[in-house]
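Take the sequences, apply the hints, and build the full model.
Residue numbering for the sequence shown follows my numbering, beginning at 5 and increasing consecutively.
Worth flagging that the hints you see were computed from the coordinates, not collected in a lab.
Take the hints with a grain of salt, since some may be wrong.
[Unchecked claim] Below 30 Å or equal to it, Euclidean Cα-Cα: the simulated DSBU-like pairs (lysine-lysine) are:
#1 K116 x K94
#2 K45 x K60
#3 K60 x K116
#4 K117 x K94
#5 K45 x K94
#6 K94 x K60
[Claimed, not checked] Taking CB as the label site, the calculated pair distances span:
#7 N132 x G89: 24 to 32 Å
#8 N68 x K116: 20 to 28 Å
#9 P92 x H143: 35 to 43 Å
All of these numbers come straight from a predicted model, not from anything done at the bench.
Ideal Cβ placement from N, Cα and C applies to all residues, glycine included.
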Amino acid sequence: MKFVVSFLTLLAIGSFETEAYTFSRCELVRNLRWHGIPENKMRDWVCLVEKESSRKTDAIGMQNSDGSWDHGLFQINDRYWCNRGGWPGKDCNVSCDQLRSADITEAVRCAKKIFARHGFSAWVAWRNYCQGALPHISHC
Numbered sequence: 005m006k007f008v009v010s011f012l013t014l015l016a017i018g019s020f021e022t023e024a025y026t027f028s029r030c031e032l033v034r035n036l037r038w039h040g041i042p043e044n045k046m047r048d049w050v051c052l053v054e055k056e057s058s059r060k061t062d063a064i065g066m067q068n069s070d071g072s073w074d075h076g077l078f079q080i081n082d083r084y085w086c087n088r089g090g091w092p093g094k095d096c097n098v099s100c101d102q103l104r105s106a107d108i109t110e111a112v113r114c115a116k117k118i119f120a121r122h123g124f125s126a127w128v129a130w131r132n133y134c135q136g137a138l139p140h141i142s143h144c
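Structural data, given as structure tokens:
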């Protein structure tokens, strides 16, 4: 009964779609494949997500020196890429809330856009931890 009430409450307030989720490594790999991440870059993407957000969709980083925040699996910055106001905006035309959703469609779309412009060097965690030290995913 408690579960049903909780579920209906989430549904009623519309937050069910943004509920947090923590992926296992192989779940992350499967989801990234489904969203079109190329296999030859998969280990880089997995490393980036693990180092940036610990595979947590609802991750919000510490406030940056310019007052901005980083959001979601890919820790996408709200100064340039997403709008904190709850409606879509900025370069990815997405709200920051959408980047913290268990549905990672918008987060992946935005991350691909960032990658297309700047490569993996756009992410500090990838630069600091992933060059030459990529996770094993062959079992996934």
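Hint check:
no.	hint	verdict
1	K116 x K94	15 Å, holds
2	K45 x K60	20 Å, holds
3	K60 x K116	18 Å, holds
4	K117 x K94	12 Å, holds
5	K45 x K94	26 Å, holds
6	K94 x K60	23 Å, holds
7	N132 x G89: 24 to 32 Å	31 Å, holds
8	N68 x K116: 20 to 28 Å	22 Å, holds
9	P92 x H143: 35 to 43 Å	37 Å, holds
Against the hints set out earlier in the document, no violation occurs for any number.
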